[in-house]
Every structure is written in structure tokens, then in C-alpha cells.
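Student: Letter by letter, the chains look like this.
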Amino acid sequence: MARKIVVDPVTRIEGHLRIEATLDEGGKIKDAMSTGTMWRGIEVILKGRDPRDAWAFCERICGVCTTVHALASVRAVEKALGIRVPQNADVIRNIMFLTQMVHDHVVHFYHLHALDWVDIVSALKADPAATEALAKKVTPNWPKSSEGYFRDIQNKLKKFVESGQLGLFQNAYWGHPAYKLPAEANLMAVSHYLEALAWQKELVKIHTVFGGKNPHPNYLVGGMASALNMDGDNAVNVERLNLVKQKIQEAFAIVEDMYLPDLLAVASFYPEWASIGGGLGNYMVYGDLPQRGIEDTKNFLFPRGVILNKNLNEVLDVDPGEASQIQEEVAHSWYKYPDGKKSLHPWDGVTEPNYTGPKPPFKELDSSQAYSWLKSPRWKGNAMEVGPLARVLVGFASGKSEFKEVVNEALGRLKAPPEALFSTLGRTAARGLETKLCIHWLMQAYEHLVTNLKMGDSSTADTSLWEPSKWPAECKGYGFTEAPRGALCHWIHIKDAKIENYQAIVPSTWNASPRDGQGKPGAYESALLGTPMADPARPVELLRTIHSFDPCLACASHVFGPDGERLAEVVVR
Amino acid sequence: MTVGSAERAPVLVLGLGNTLLWDDGTGIRLLAMLEQEREWGAGVEFLDGGTQGLALLGAVESRAGLLVLDAVGSGVGGAVKRVDGDDLAALRAQRSTTAHEGNALELLEAAVLLGVAPKRTIVVGVSPVRLTTGIGLSDAVEAALPEAVAQAVSALMELTAPPSLP
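Chains as they are written, first to last, in our numbering: chain L, 1 to 573; chain P, 1 to 166.
Rather than coming from a laboratory, the hints here were simulated on the basis of the structure.
Incorrect hints may have been included.
Stated by the list, open to error - Distance condition first, Cα-Cα at most 27 Å in a straight line; then the derived DSS-like pairs of lysine-lysine:
1) P:K119 with L:K159
2) L:K158 with P:K119
3) L:K336 with L:K363
4) L:K156 with P:K119
5) L:K213 with P:K119
6) P:K81 with L:K205
In this text, all values refer to a predicted model and were calculated from it rather than measured experimentally.
Just chain L, with the same shape it has in the complex:
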């Protein structure tokens, strides 16, 4: 009889995700089900409200990426009303976007994903002198690499382990045979874990400068609310701009001298993961980082496009406003559509919960029935993967030189062919590679803003269409962005100056999607197929692939049932 693994909830992610996987005789995953176990409907909250206020509610959708939902929301309203924001607003939004991206990716690598590859407890066995030698080879430009430094870290770690306070490190499977790094590499990784932890709190200060406050920075329909005045006291002035520059420089060092060298070093110990976890092979990117306004999609730094069946010779176009392209199905979701409708474009989207699953707590779900609180979004009927790998592949396949450069360099260092990108390791590597691009773009955006200010352009908003009396009686818009986890879009329908309908498809809904009406699996479900499991009771391999997507179900869904307090549970049957 086939063995089944249930991981519920998957830890080290935001929100609640349940994975059921069935193993074949050889211990490889032959079937997987991805279930969002909590329901949330932002549209329920937004209906009837003033569209200009929507961003402030949307900022609260997600526990991590407050800025990306605010950005998608103001863009949706601007699209509906035909507002063009001034250039400085785009530049500041790009700075906010890039800051979020760099922060999120570094935190994901060190604080959520690294524990899948790094055996923290094994670091206790490391020789600090040998660790120094290793660090000087792997991260030659990173200053903190002396024997004494590593010994201090080791002693600190020992204290935590002995006191039983593993805290942040507790949700992993220490000593598992799938961990391959030598003790010294593990100790180096622990040190960098702590350094990244101390650094990440500094970077978010950029959001405070331009957003007025953090963690919920101010956005504005029509532009940005940041007052720019080089000589002012209460505006974004020279002093604050210098702080921003300093934080960008610190981030440069973290990304270039620590994150990327660590990433490539860890990857070199796990070459087999370049042929595991590929999944769908379909990738979708809405694109972002406008250089000449949001309508000029050809001038995005993150190019827009779709790749089907791993075909890097062709990049197809995607249009979130085209009803025939983006559709959501509910064949395997706990929702009801009216009049037997099978799929709906988000402008016509309906969120009517209809729970038909077993009464929780349940042992297993049935993949032939509804089994998730997530809908199944599809592009022209295809399940798609979104996120860093999709962005890097679309940039690469579009022939953009900066993408080709970072991809070819990494593949060269790892002596891997381009097909290696279609994998768990490829996904994790792509996140690092785009972080490298992002940190360069962040510095460019900063310099662009300073140049504009020196030229006397301090305009950040166009409020000429602020008053509802100037709006059409009825209009529709959509606002897209590329969140750290992938393509994000909000769709709005405005009627008589109020929100008539509002729908969001967040990145994790694409990636964690259940099967559709044709039985086609979502990105997680597909990526897990063929994954070998050394010890099903400690499913670190399954977590590697799921974590490589950086799941964030907090925005995709929320509280359901009485099981909110259950501790992490892994069941093997």
C-alpha cells in the first residue's frame, strides 16, 4: 500500500498550508495535494468603500508585504480612472518595491529556507580555525571571518542548544541524512544567519523615509505622499536621502559579499537538486519597475511575459485586463459560482464560500472533490508558476543582457546547463540572482530621484482627478506588480464612486493552486512529483521544494475552523 505523508501546517512560512503527498514503492512522491486551509475574502471588506481608501485596507492583507498590495491597489484605481502619476512617483514606488524585494529575499534565504540545507546543530562540531579558512575562500570580501569570531558564535549557539531554547531554529530536522554541508560550512551559515538578522531591520528604514511610517507606509492614488524638499525639515531632505544611500550601500555588501557567495557555495553541495522539483515548466510574469510610466510595458526592468513548456525560445504576451487570458476556476475549491459557471475573470469574480470538506480535524482530503480554500487561477487554461524563477527566465528568454549575464555567470560557476534552472535549486538560485539585479536597480533608482530633485522636479502626485465628481459613473481597472513571491494583480470595478467589486489574485494562489476542472495540478503539486524522501517522518526534501517557492498563504487565505492553535504536525501513513 502506498504511504502517505501529511504536513500540516507547513512551517517557516506565512499563513497556513497543508500538503498531502503519496509515495511510490521507491519512496518518491507520486502524487501531491496542496491545500490552503484558511479562507479570506478581501472583497467582502472592500465592497461599498471609497476606492481611494482601498490601499490602506489592502496593506493589511499580508503579514509581510504590506507595500506590494498597496501598490497594486493604487495602480488599479489609477488605471480605472485614467490617472497618470508623475515620474518621481514611479521612481519612489520603484525604490519601495526594490527595498521590499531585497529585504524579503535575503530574509527568505537565511531565515526561512537555509534551515532546509544547513544543519544548525552540526555547527557545534565545527573547527573555528577551519571555518575561518573556509570563509576566506567562500566570502573573501566579507569582513567578519576570524577564528575568534566563529568561536564566539559557536559558544553562543552552544548556550542556546544546552538551554533547550532552540527558538527560531526549532522547526527543522537536525541530523537528517539529507543535510550535506560540512560542520564548518554550517557554522559559517549560522554566523551569516545572525548577521542577516541584524541587518534586515536596518533596510526597512527606507520604507519609513518615503512612506512616512513603517510597517504600513503611506501610498496615494495619483502618486506618492512623500514631500520632497532637499532643504526642508519635515520632508524627504538631504539628511534622509543620505540615510537611504547608506542603507542601500549596506545592502549591497550583504547581497554581493555574503548572500550570493553563500548561495553558490550551498548549491555546490546539493547538485542533485538541480534535477528535482521542476514542476509545471510554465512561467508567468506581469512585469514591473516602469521606466516610462506603467502603460509602457516594453520599458519595464522586469519584463512581462509567459513561457510555456520550458520553451525559452518563445516569450508570449500576457494581459491581466483581457478576460480570455486570466480566469479562476473553483472545481476543487470550497467556493460556489453562479449558474454553473466554470471559470470567471476577476472583474466578474465571485467569492461565495461553500465548504464541502470533512469536519476538521480530518485525516485526509479527497483530490477528486473540492479540497482547498484557494481557487485555481489559470492563464489561457494553463496552470502557471510565478515568482523569482519565472522573472529570471522571462528576462533571460527575452534576451535582456543583465539577466543573461547573471544567469550565465551562476551556471558557469556551478558548471550546470541551462536546464538546471527548471528545479528546486534553480528556483532558489533565481531568487538570489534577481536580488543582485534589484540591489543595482535600487541604487540607480535612488540616483535618478536625486538627479530629478537637483533639476528642481519635486512633484510626486497628480491630484487633478482626486474628486469623485470628475469620475465616470462606472469604470474598471487593474493594478499589477511583481511581489517578491510573484505576479500579483488587483482588479477593481467602481460604480458611483464606490467599490462595486474587488478581487485579488496573489502569487501563492497561482503557485499553491489546487487542480483545475481538467485535473491539471498547480505549481506546488506538480513540483513535488518525483521528489525522493529518505525518511518520510522527517520530510525535509518535501519542505525544500515547497520552501523554494517562498509560500505565503497569509494573504491567500486565513482563519478557518477551530484548528488555529495546532502545533506543527507531520503524519505518515
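We have chain L already, so just place chain P on it with the hints.
Tutor: Just chain P now, kept in the frame of chain L:
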């Protein structure tokens, strides 16, 4: 006292929770009520932390006192709870995986790990009743607010009291 610490309030009041999920937003509501309760002066900073986790590390690091306002645990809906000292450490050791509760404890753990934990941390909150999508508070939690604010006031008084001389 160094120049640096003079610029930053020694005590932080941190409201946590999601205001789109009924009682999950209790901490944010308490934050606003506590701030208006009296003139707290420059020694206390109030911050709406939403459901953020590690990104709040800079806000809590090295404070003399931290008061966290939050929806706390399950138990009887509407019960006011205060957790501090050893109880907080015990809670950290057996933390749950509820999205933002995990975040608050993770945040404290990260501060401990880096050696920048606040000298003293107190959590005051109310047991939630309703955690589905929607804005507002359930009747039971609403009724518990005056008691929760009173507890928060006394906790904050303790955190801001000048240290007794040896």
C-alpha cells in the same frame, strides 16, 4: 545616558494583529485607546506593528521596556490576559503556529538570539472570539476593553517607573 538613547523612547508599546480579521485586531484597538488614556510623554513610543514579524526587530531592540498588545491565546473569549517574565519564556518554548502569534514570539526570539531583547517585556491582550474576515470586535471582546486598557495602563506604569535606587 548616551546621546543616541536620548533620541529614542526607552519604552515601546507595540500593537499587533490584523484589523481585517475581527478580534485579531484587538491589539491595534488597544494601542489607540492606551495612547489616548493620558499624556505619556517622550519616554514612550506607540507603534502599530500590524502582523509584521522580523521587520519589527529594529523597533523593539534594546528597549528598556516593551509592552505588547495583542489578541492572546484561546481560552474563554473576552478574557483579559497578562503574560510576563517566566511565563513569556515558557510561551516562547511552546509557541503555536498561528500566523501572527508566531510572528510576535519569533520577534522576541530573534531579539534574544542577537542579545538585543528588551530588558523587560509584558504582553497584555484579550482572548479572541471571532477570527473570520471582517472589521470590528466581537461583543465579548468589546466588553473586555476597559479592563484590558486598565491592565495595559498599569503594565505601562511599571515599565516607565524610574528604577529604584540600590
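Student: Now tell me, hint by hint, if it's right for this structure.
Tutor: Hints, one by one, checked against the model:
Of the supplied pair hints, the one linking K119 (chain P) and K159 (chain L) holds, its CA atoms being roughly 19 Å apart against a limit of 27 Å. Proximity of K158 (chain L) to K119 (chain P) is assessed by CA-CA distance (about 22 Å); at most 27 Å being required, the pair is judged to hold. Only pairs whose Cα atoms come within 27 Å are accepted, and K336 (chain L) paired with K363 (chain L) is accepted, the gap being roughly 24 Å. Restraint check for K156 (chain L) and K119 (chain P): the C-alpha separation of about 19 Å stays at or below 27 Å, so the hint holds.
Annotation: proposed proximity of K213 (chain L) to K119 (chain P) holds, straight-line Cα distance about 25 Å (limit 27 Å). With a C-alpha separation of about 33 Å, the suggested pairing of K81 (chain P) with K205 (chain L) is violated against the 27 Å cut-off.
Violated hint for the displayed structure: number 6, the only one.
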